[in-house]
Each structure stands twice: as structure tokens, then as C-alpha cells.
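From the two separate chains plus the hints, produce the assembled complex.
Sequences listed follow chains A and B, in order. Each residue of the first sequence is one higher than the one before, counting from 1 in full-length UniProt numbering. Each residue of the second sequence is one higher than the one before, counting from 1 in full-length UniProt numbering.
No lab work stands behind these hints: they were computed from the structure. One or more of the hints may lead you astray.
Claimed, not checked - Partial selection, computed: residues in chain B whose CB lies under 10 Å from chain A:
#1 A57
#2 D66
#3 S73
#4 F268
#5 R272
Unchecked claim - In silico negatives: residues of chain A with every beta carbon more than 10 Å from chain B:
#6 S65
#7 T83
#8 K145
#9 E202
#10 T282
#11 A432
Think of the CB as a built atom: it goes at the ideal place given N, C-alpha and C, for glycine as much as any other residue.
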Amino acid sequence: MRDRPISRPTLTRRGALGAGALAASSALAGCSSPLAAGLLGSELSPGTLVYWNLFGGGDGGRMKSMEDVYRQEQGDPSSLQATTFAWGNPYYSKVTLATVGNQPPDVAIAHLTRAKPLWDGGLLEAITEEDLAGVGLSSADFNAKAWQAQVTDGKNVAIPLDTHPFVMFFNRAVLEPAGLLEPDGRITDLSGIDTFEAALAEISAVTGGIALAVANVSENATPWRFFWSLYNQYDGAAPFLADGGTSITVDEEIFSDIMHRVETWVENGWLNRTLDYAGSQTEMFVGNAGLYLQGEWEISTAQSIEGLDFGMAPIPTLFDRPATQGDSHTFILPRKDRSPEDRARAMGFIASLLKQSMTWAEGGHVPTYLPTFESAEYTALLPQADYASAADNTYYDDPAWYGGSGSTFENTVGPQLGLVQQGTQSPEDALAHIRAQLDVYLSTPSPL
Amino acid sequence: MTVAAAPRTAAGTSRRGSGRGPWLFLAPFGLFYLAFLLWPTIWMFIASFFHTSTVRAGLGSFAGLDNYTEMFSRSDFWSSLWHTLQFTLYTVPPLVILAFVLAVLTNRLRSGQWFFRLAFFLPFILPSATISLIWVFIFTPGTGLWASVQDLLGPTPAAGMLTDPRTAMIGIAIATVWWTIGFNFVLYLAGLQDIPRELYEAAAVDGASPGQQILRITLPLLNRTTTLVILLQIIASLKIFDQVFLMTAGGPGISTRVSLQLITDTAFTDNRIGAASAASVLLFFIIVAIAVIRQVAESMASRRAGEV
Numbered sequence: 001m002r003d004r005p006i007s008r009p010t011l012t013r014r015g016a017l018g019a020g021a022l023a024a025s026s027a028l029a030g031c032s033s034p035l036a037a038g039l040l041g042s043e044l045s046p047g048t049l050v051y052w053n054l055f056g057g058g059d060g061g062r063m064k065s066m067e068d069v070y071r072q073e074q075g076d077p078s079s080l081q082a083t084t085f086a087w088g089n090p091y092y093s094k095v096t097l098a099t100v101g102n103q104p105p106d107v108a109i110a111h112l113t114r115a116k117p118l119w120d121g122g123l124l125e126a127i128t129e130e131d132l133a134g135v136g137l138s139s140a141d142f143n144a145k146a147w148q149a150q151v152t153d154g155k156n157v158a159i160p161l162d163t164h165p166f167v168m169f170f171n172r173a174v175l176e177p178a179g180l181l182e183p184d185g186r187i188t189d190l191s192g193i194d195t196f197e198a199a200l201a202e203i204s205a206v207t208g209g210i211a212l213a214v215a216n217v218s219e220n221a222t223p224w225r226f227f228w229s230l231y232n233q234y235d236g237a238a239p240f241l242a243d244g245g246t247s248i249t250v251d252e253e254i255f256s257d258i259m260h261r262v263e264t265w266v267e268n269g270w271l272n273r274t275l276d277y278a279g280s281q282t283e284m285f286v287g288n289a290g291l292y293l294q295g296e297w298e299i300s301t302a303q304s305i306e307g308l309d310f311g312m313a314p315i316p317t318l319f320d321r322p323a324t325q326g327d328s329h330t331f332i333l334p335r336k337d338r339s340p341e342d343r344a345r346a347m348g349f350i351a352s353l354l355k356q357s358m359t360w361a362e363g364g365h366v367p368t369y370l371p372t373f374e375s376a377e378y379t380a381l382l383p384q385a386d387y388a389s390a391a392d393n394t395y396y397d398d399p400a401w402y403g404g405s406g407s408t409f410e411n412t413v414g415p416q417l418g419l420v421q422q423g424t425q426s427p428e429d430a431l432a433h434i435r436a437q438l439d440v441y442l443s444t445p446s447p448l
Numbered sequence: 001m002t003v004a005a006a007p008r009t010a011a012g013t014s015r016r017g018s019g020r021g022p023w024l025f026l027a028p029f030g031l032f033y034l035a036f037l038l039w040p041t042i043w044m045f046i047a048s049f050f051h052t053s054t055v056r057a058g059l060g061s062f063a064g065l066d067n068y069t070e071m072f073s074r075s076d077f078w079s080s081l082w083h084t085l086q087f088t089l090y091t092v093p094p095l096v097i098l099a100f101v102l103a104v105l106t107n108r109l110r111s112g113q114w115f116f117r118l119a120f121f122l123p124f125i126l127p128s129a130t131i132s133l134i135w136v137f138i139f140t141p142g143t144g145l146w147a148s149v150q151d152l153l154g155p156t157p158a159a160g161m162l163t164d165p166r167t168a169m170i171g172i173a174i175a176t177v178w179w180t181i182g183f184n185f186v187l188y189l190a191g192l193q194d195i196p197r198e199l200y201e202a203a204a205v206d207g208a209s210p211g212q213q214i215l216r217i218t219l220p221l222l223n224r225t226t227t228l229v230i231l232l233q234i235i236a237s238l239k240i241f242d243q244v245f246l247m248t249a250g251g252p253g254i255s256t257r258v259s260l261q262l263i264t265d266t267a268f269t270d271n272r273i274g275a276a277s278a279a280s281v282l283l284f285f286i287i288v289a290i291a292v293i294r295q296v297a298e299s300m301a302s303r304r305a306g307e308v
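Looking at chain B on its own, in the form it has when it is part of the complex (with noise of 0.2 Å):
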């Protein structure tokens, strides 16, 4: 790089020049999340401590802390964190788990490897709406396709998933895993297909089952495609919102409604930016935390691993 340059040091001055070139560049993204990334959070904070109204313009009047009290004290609120941290729950292990099973599966296929990763993948390039009217058609009460499944097995007339406030999320969940799992697969296979070869043939020459191989080889050279896997997971399912709103819209009742409904519904139903602005703040304290809580896990993990 430094020699490649060298000659075009020369002109001192085009070293500065450079300096506004890539801020230049950078400008009309600049712009972009300044004004719709950056400033609507600042906003959101400065709000949640106003009484803020959708339909006035301005803050409105001062509220201290009432926004905050506010949610604190409200049990809709603490349901629906409960419904986002269930939601997390059902789906982090199996999108984790099940990636893995069929990443591992189908590397191991000598031919005919691309069929199954088109078919894991597809169902992640289809929209949030389109695999909801999917689902909500497979979990019609009485004549959908699980219903007809569940009248084979149980004796109880068949409801579908949805339509119970106890069965309703796990539902949005086996949802969610179909549609969403293809990512996760992709980003092992990518990370199986870096070990070399070589480590298995040294491995099973030396003795190791095929079990012993995963264990000892493929699992420790996949963590950090496992730790990047779960930490993008764990923050997509506390952001929650389509697949709930499209399918049950937070039904039945209140039983899965998440946060982020709960601030829509504040914000756009209720016309009440400030409250929703506290709630929201809130949430984000709690996804900070989760992460930070993670990297700090990770991090302790790792640093034993090198005592070791």
C-alpha cells in the first residue's frame, strides 16, 4: 500500500484533500441514519419524559417520571415482556439446534448438497405476511391441516394452535423456526465447509467415531459461528412483531401480545408517543443488558478456555 502511494505523496496537500473524500462519500448514508436512526432515538428520550401526543405537535407538558411509573405498574406491560421472553425461549434453541442437525447433515451429503440447501433456505427469502398467511391457514381451527392431523390423534375436537392462549405462541414459534431457520443453516454450512478436510482424516486414521468427530472437532472449531448465531438470534426474537401481529394480532386476548405491540398500540392507537417512548426505552435497556450480559458470558468462557 505505502509504495503504491509513494509517488502521490508528492502533492502533500492531497493527503488533507482526501480527508472530506470518504466523509463526502459517507454523507448521504450519513444523513440517512442521522435522520432516521440517530435523531428518532435522542427523540425517543428526550419524549419518554414528556406527555407527548401524536396528534400535537411539539413535546407537550413535562411528565418526570410518570411514563416510566406508569409501565412499571402495569401488568399488560410485564405480560407482554413475558410473552417477548417467551417467544425468545421456544425459538433460540431449536433455530440453533435444528440449524446445526441439518447443516451437519447435509455436508455430509457426497451429491445433490444444493437441493437441500435451496430447500432449507427458500422459505427465509419469503416475506413476514406471506408466511403467515401460510401458517394461519395450516393452523385453521377444525379443517386446517394440523387441525386434520390433530383429529387423527386425539379424541378432543381439533382447534388449530392459535386459537388457545396456551398453545398460541408455541405455534408462532413452530412459524417462526420453519421460516427463519435457513439463515442459521447457511451460516454453519459456511462454517463446515472452513475445516479442513484434513482434521477428520486425521481423526478417523486415529481412531475417532463419527460422534467423537463432531464432538471434538466440528463443535469447538464452529463457536464462533455458534456465539455469532445465537447473539443474532436472541436480539431477532426480542424484536418480535410481524409474525405475531399477522397471526394472532396479540390474541387470543392479550396472550401474545409482545412489547413491541404493546408500543405500537400505545403509540398509534392511544396517540400516546411519551408513554410508548418510556416503554420503548425500557426495552432497550433490556436487549442492551441481555447483549452485554452475553458478551461478558462469552468472554469469561473464552478467557478460561485460554487458561486452559
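Chain A with its partners taken away, still in its complex shape (with noise of 0.2 Å):
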């Protein structure tokens, strides 16, 4: 009984103190600080689009003046809330996450093969004709060879930006000596396996040491790159993954043929044994090595390299057909609820990147927006356009859950590559621990 005269002010004052709480978050509500709108969960600002990407160095720079044309377009400095967070598993982790809590960006990057797992997880939205038409795009507008690429189960998963191959980059003053060179500089045709090895005795006796560089140490997708560019060079070569990822069918004989090779190489010298990402461009930019494989970007860090004369071109065509891994960076639309207005503006964002991929070329990415590709402007780009070829006949990591660039897949069977060049572990050996190491992979049901 005595409580109640106690209980009865206790309860007024909480009921003022909630007062006041609501009549805080509604002035906060109000005025839409960030703040507010992290505490309360609503949007930031209706007319702000919020974008996500993965891009760092020279390509983070281009995609930052991008996005400053798209705010000068909207002649609203707020009109976009763009986020760089750090390559790799952690970013799909990120975007993952902030989808399935229903707070994901309104647009967001994601590698090609990595947007498809996304989309097996129910955590991206089609692109239908009528979106892309409502900006003045149409699917006729973009590389083919990407385009298809994307498709998943009859639908447009992704939009992509651009196609980045794994290419050749070589160093002239090395290549004019061992006789390698055209006379307008480009390097002379190496297709076909004798002309190739020929080739690198040549620039071997040049350099006294390797002819080309290709990391192998503390790296996973360089030696994986390096294989699947070689290995799909061969006709009817079976994926390496099938059926979603449930099945191991690559070549056993193709494999051990182009792993072998691998190791002569190396016994010959004219392959490097043990180099790290940065250490195999570095004999590449020095000339300790004629050639130099990595994927296009790093054209950035080799046009930062005073007094460095170089070129770059696809791999050569060693086998039956010219191939070469490669990925693209893509646009996807994370699964939230959206009014037509938000959809039509994260189109409007996406389609202002994409006329803007010239700027983009520049640092080394093959846009897959053919009024650009197509332009005079990018055919006299180089040496960019000297190598543009490649994203024809790019070959994409097989689809899997756990497939894609910078995946665990990769993460596992590149490194058990890398040991092969590096001369500490068979072939045979390589495949079985790969077999060994994604048999849980390719037993577990898929989660997405």
C-alpha cells in the first residue's frame, strides 16, 4: 500500500523523461544530422545516394573525381555519400551483412563473380530493360562477352564497368636487345608455345637471369591468374568447378601439362622462383625481366616508374585459342525497399559513372560501355588500347558460393600453385592438396 504514493511521482517523472526523449528525437529527427539518422535509422537525407566501393590507389582516385562530376551534375554537394572499405572478403562480408540488417547502400560494387553468390543469396535486385532504358541505356550498349557474363538465371544481376584481364606487361629496353620489338614498339607476335620459350631463352641471355616475373610468394590470385590464363588457352577445356561449385572437373592432363611447364621454366631460369606482388614488378621495372604478368591496373605503378619505357599486351596465345582470366567491376543493386524515384536515381548514379568510363580507362580497366570503348578518344589511348582485346576473350572464375575474386577458392588453390613455381611441391602433388583442402567445399550444400 505504501508504495503507491511512491510509485505514483516515479511514474510521472519517467512518463516526463520519455516526453522529453521523444521530444529530443524528433528535433534531432528534425534538423537530419547524421547523428539522428544513425540513431533513429532512417535515411540520412531523402535525396542522398549512398555508394559503396572497394577501390584504393590510382583506381580509388579516378572513381573519387567521378563521383565529384556526378555531384557537380546534381549541383547538390550532398547529393551522394560515397564509402571506400578495404578489397576483398571483408567488403562482401560488409555488404552481406548490411543487407540481410536491411541497411544496405542504395548502390554498390562488386566483383563480377562475386555479385553472382550475392545474388544466390537473395540479396540483390534484377536490372530489368526498362531501368536501364529509363536512363538511356540498353544491354546493346555493353560488351558482350561481360554482359553474358553476368547473366544469372535469365536475369541482369549487375551492371558491369569494366573488364579487367590478366595481361603482359614488358620493358623495352630489355625486349630491343633480345630482338622482341616491332618497329612502332609493340612487341613482336609470341603466339605459339616454341616461339614463346624461344623468346624467353632470348630475353633470359639479355637479362642474364629470369625473362618473366610472375609473383608467386605471399600471393594467391597471381598464380591462380597465371594458370587459368594458360589453361583455358587449350581447346574444350572443362571448368575447373562445376555444378555450382559441387564438383572438382578440371583436366588432369592439362593441368599436369601446363604445371610441368611451370616447373621448367624455373629450372631453366626463365621463370622467377620466389617473388612477392611487389618484388615482380620490380624486376620487370629494373629490368631484371623482360616481361611481367599482372592484371592491368598496375599500369598506374608502372607510369609512376621515372625513366621506365615499357608496354603492355595480352597473353600471348601459347595453345589453341587466346584466353586469359579476368573479372569486372560491376554495379549491383542491393535487395531494400525502394520507391521508383530511389531506383531511378541509382540508375541516373550508375549511368553517370558509366559515361564517364574514359576517366576510368586511364587507369588500366577495358570499359565494357562500348560508346566509350568504340571512341576514337580510347583507340588512341596506350598503351591501353594495345591490350583492349583481352577482355574478349577473358575467362571468369567458374560460378561456386565460394568462388570468385579474392574468394576462398582462390585463397586456396593459388597458393598450393604458387608452391609448384616455387619448386617445393609436385604437380601431382598440387592437385591432390587442392582436391584435399576444397573437399569441404564441395561436399557442404551451398547456404545461400
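This is the structure we're talking about:
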């Protein structure tokens, strides 16, 4: 009974506090500060487009200037909130969790090979021809190979911005004395395995060391890119993974042929035994190697080296057909409640960046947006235009829920291939280890 | 207490009424505890028997013991457990012994004690991200502080500590010891200051050397502190994640990947909450087992001491 008189004032005090909190929160919502938006989960500002990407280095700088152009077009500095995260698995974890938690960005960047598992997980919205038409685009505006690669279950799951193939860099100061340069400074045709091996021998004679630099220490992706490029140059090479990643179907004969060749190249002193990512480019930059294989994005690094005269070309066709490993950066629309205006704004942003593909191409990536790709300006952009054809011969990683760029698959297979190049394990052992380590993923039902 | 409460008990109901009061005060915390600790733990046990996905609602299909058999058969699960144990073995002895030595030395100072208390404790207030940055900087191959010292000592090209699978964990352990020793140090120092001076004076009068004093007086009287420090340290070491993730991200290869990172990767990269839950449950049992074994050993030791 004695509680009563005490509890009543307590309640009113609480009520007053509650009312105060409500008033405060509505006041906060009124001024729509980022703090209030964060506390209340409301939209930052109705007109702001939230965009996530994973671009660092030269790409990051170029993307920022493209974002600024969009802001100018909109005439409002707060029309875009762009956030850059660290590359790789953690980025995709963030996109996944944000979408599951109903707080995804309006538009995000994803690798094409990673967009597919996101789609399988029900985390993406399909893009229709109407969406494209609404901002003056159509599927015919895109590189057919990249466009076809993103189609999943008959739906457009991502809009490719570029293709980024694995390519060959060469140092003219080394290739000149080796007699491997055309008068116009391009590399001579190295097609055919015998021609290529003869060229390696000639370059080695010039450098007095290795001819070809390919990173394989503390590096998972490069050994995989190297292997996957050569593997797909064989006619009818079976996929590495089939049935959405539930079985390994790699052609063992081709695997063994390529990896034995890698061993031989190392034994002959043509290919490095141990080099990390930065080391492999340094060898080519300083002329200790004539050739260097890596994604075209290293063009920015190469251009920043004073006094380096370098060129670029697609990976030579050593076997039956041209092929190179690659992926595409794509725009995705994470699943969220969108009004038609939100959707149109997201598409408008994508279209704005696509139309700035020329800026993007300076960073080495091959634009998929054909009006830029076919423009006179791009055809005249060197050395970019010299390897642009590689985009049409790009082989993407096989679809699997644990696959794609920077994925568990690459992180598992890459090191084993790297160890073969290092001379510490045979190709047969490498394949056995790959099978053993992937076994748990093959037999696990996809969580997506 | 009872005397003070006597006049109030006249109203008998207030006693029963006060039964609700504490619960009301506990409720805000209790709700958080239930929502963010107890329920997730229960959910973890349940999910470990299902193919639960991060991106799908609900538990998914029933898996039976599949997740557990998978973990038992995965070599990277066992290696991550070993790395966790390795870290525990590398950090617990120095963190206990060094902290004790530093506390004894500091306690002997007549003046300027505050400086050493501050100096040893200061790193502990830094967040793990900061100490990781500092030590990655120190361990930079070729040009870092550590590599410069290595250069002076040996002919091999100095690679720091974190690039070699054999030394990476030692590097992380060094950073951790520097970071967390202050906490144990303060516990020991507090324990030391609780020991009455007269004991030492009496021992000195009886002709005990400083070494004997430490061995016969300080150590036995700090027994309870040591027990607490070791227990806290073992549990903290088994929970290791931040420094490893920030300094090496589990590399080179997976040579420093610890259990919690394997669990995080499985849950949020592979999107397999079910399998990650199974791994968590196994780690949970291992930590409980270690705590129980230590407790049993402790009570047996104290019983033996009681008999003597």
C-alpha cells in the first residue's frame, strides 16, 4: 500500500523523461543530422545516394573524381555519400550483412564473380531493360562477353563497368636487344609455345637472369590468374568447378602439362622461383626481367616509374586459342525497399559513372561501355588500346558460392600453384592438396 | 542492519514489495544480458545442428552432427586450435612472471613509484587497433625498428617478425605482452601493498635474505593474486582475435589463423552460421574444460597445503 504514493510520482517523472526523449528525438529527426539518422535508423537525407566501393590506389583517386562529376551534375554536394572499404572478403561480408540487416547502400560495386553468389543469396535486385532504358542505356551498350557473364537465372544481376584481364607487361629496354620489338614499339607476335619459349631464352640471355616475372610468394590470386589464363588456351578445357561448385572437373592432363611447363621454365631460369607481388613488378621495372604478368591495373604503378619504357599486350596465345583470366567490376543494387524515384536515382548515378568510362579507362581497366570503348579517344589511348582485345577473351572464375575474385577458392588453389613454381611441391601433389582442401566446400550444401 | 530495519518492518507488505524492487533495477541490464548474451548462446547451440545460413531467415535444414564431423575432419580447424594454444603458451608465462618481477621491483622504490606504475600500465589503455599499428610499424620488413636491430646482429636480410610463418606468432605475442602486462602488474602491485611491512621487518631481524623474503613471504601471500592472474590470462588468451586479425590477418598463409578467426570466416565470409556455431560450441567446451581442470588442480593443491 505504501508503494502507491511513491510509485505515482515515479511514473510521472518517467513519463516526463519519456516525453522529453521523444521530443528530443523528433527534434533530432527534424534537423536530420547524420547522428540522428544513425540513432533512429532513418534515412540520412532523402536525396542522398549511398554508394559503397572497394577501390584503393589509382582506382580510388579516379573513382573519387568521377563521383565529384556526379555531384556537380546534381548541383548538390550532398547528393552522394560514397564510402570506400578494404578489398576482398571483408568487403563482401559488409555488403552481405548490411543487406541482411536492411541497411544496404543504394548502389555498390562488386566483382562480377562475387555478384553471382550475392544474387544466389537473394541479396540483389535484378536490373530490367526498363531500368536501363529509363537512363538512356540498353544491354547493347555493353561488351557482350561481360554482359553475358553477369546474366544469372536469366536475370541481369549486375551492370559491368569494366573488364580487368590478366595481361603482359614488357620492358622495351630489355626486349630491344633481344630482338622482340616491332618498329612501332609493340612486342612481336609470341603466339605458339615454341615461339614463346624461344623468346624466353632470348630474354634470359639479355638479362642474365629470368625472363618472366610472376608473383607467387605471399600471393594467392596471381598464381591462379597465371594458371587459369594458360589452362583456358586449350580447346575444350573443362571448367575447374562444375555444378555450382559441387564437383572438381579440372582436366588433369592440361593441369599437369601447364604446371610441368612452369616447373621447366623455373629450372631453365626463365621464370622466377620466389617473388612477392611488389617484387615481381620491380624485377621488370629495373630490367632484371623482360616480361611481367599481372592485371592491367598495375599500369598506374608502371607509369609512375621514372625512366621506365614499358608496353602492354594480351597474354600470348601459347596453345589453341586466345584466353586470359579476368573479372569485371560491376554495379549492383542490393535488396532494399525502394521507391520508383530511389530506383531511378540509383540508375542515374550508374549511368553517370558509365559515361565517364574514359576517366576509368586511364587506370587500365577495359571499359565495357561500348560508346567509350569504340570511341576514337579510347582507341588512341596507349598502351590501354594495345591489350583491349583481351577483354573479349576473358575467362571468369567458375561460379561457386565460395568462388570468385579474392575468394576462399582463390585463396585455397593459388598458394598450392605458387608452391609448384617455388619448386617445393610437384604438380601432382598440388592437385592432391587442392582436392583435399576443397573437399569440405564441395560436399557442403551452399548456404546461399 | 536488522536494528536499522526494525522500525520499517511494521508495514509487513514492504518486505514483499521490495522483492520486486531489485528485479526492476536489474531488468534493464537483465534484458540486455538475455538478448545479447544468453539467447545468442542458446541459439548457437541450436544452430550448430542445422545448415543455418547468414543470408536466409530461419534455421535451415536439419544437419544432425554434420557440422561437428566436418569440423573434426578439417585440418584448418585443428591448426587454428593449435595456433590459439600456441599464443596462450607464448603469452601466459611472460605475462605472469614479468608482471610479478616488475611489480616487486616497483614496490621496492621509495620515490617515483608513480612513474613506473604509469609507464607499465599506459599501453593497456590503448585500443588493440593502435597497438597493432604500432607493432606492424616496428616489425616492417627491411626498414622497421626490429629489422634495423636484426641487421646489426645478423647477416641475413631482416624480415621483421610477421613475414615468416615460424616467427609471426612470436611477433604477435611480443606485442600482446607489451600491451597487456600493465593489468597483471597492477594486480600484483595491489597484492604486494597488502602485505604488512612488519612481516619483512621480522624476517629481516631473523636474518632472511631479500631472496628468501620473496620466496617465503611474498610468493605464498600473493598466491591468490597469481591464481586470479593465471585464470584471467588463460581465458583472455583463448579468446585471442583482434591483434592477430589486425597484424597478420591470419597469415602468412593460415599460419597464425586462430579459432575465432576461423569461426568469423566461416560465419561471415562463407555465410555458414551453422558450421561456425559448431566450431564455437567446440571452442566453448575447450575453454570450459581448461577452466575446470585448472580449478580442480587449484583446489587439490590448496587441500594438500591444508593437510600440511
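Hints, verified against the model:
1. Taken as an interface hint, A57(B) checks out: its beta carbon lies about 9 Å from the nearest beta carbon of chain A, inside 10 Å.
2. The criterion of a C-beta within 10 Å of any C-beta in chain A is met by D66(B), whose closest approach is roughly 9 Å, and the hint holds.
3. Given hint, S73(B) at the interface with chain A, holds; its Cβ is 8 Å from that chain's nearest Cβ, closer than 10 Å.
4. Interface hint at F268(B): satisfied, since its Cβ lies 4 Å from the closest Cβ of chain A, which is below the 10 Å cut-off.
5. With 10 Å as the threshold, the beta carbon of R272(B) comes within range of chain A, its nearest partner Cβ sitting at about 5 Å, so the hint holds.
6. The beta carbon of S65(A) sits about 29 Å from the closest Cβ of chain B, which is more than 10 Å, so the claim that it is off the interface holds.
7. At roughly 18 Å from the closest C-beta of chain B, the C-beta of T83(A) stays outside 10 Å, upholding its exclusion from the interface.
8. Against chain B, the non-interface label of K145(A) holds: every CB pair exceeds 10 Å, the least being about 28 Å.
9. The Cβ of E202(A) sits about 31 Å from the closest Cβ of chain B, beyond the 10 Å cut-off, so the non-interface label holds.
10. Chain B leaves T282(A) outside its interface by the beta-carbon criterion, the shortest separation being 13 Å against a cut-off of 10 Å.
11. Once the 10 Å rule is applied to beta carbons, A432(A) is consistent with being away from chain B; the minimum gap is 13 Å.
Checked against the numbered hints given earlier, the structure satisfies every one of them.
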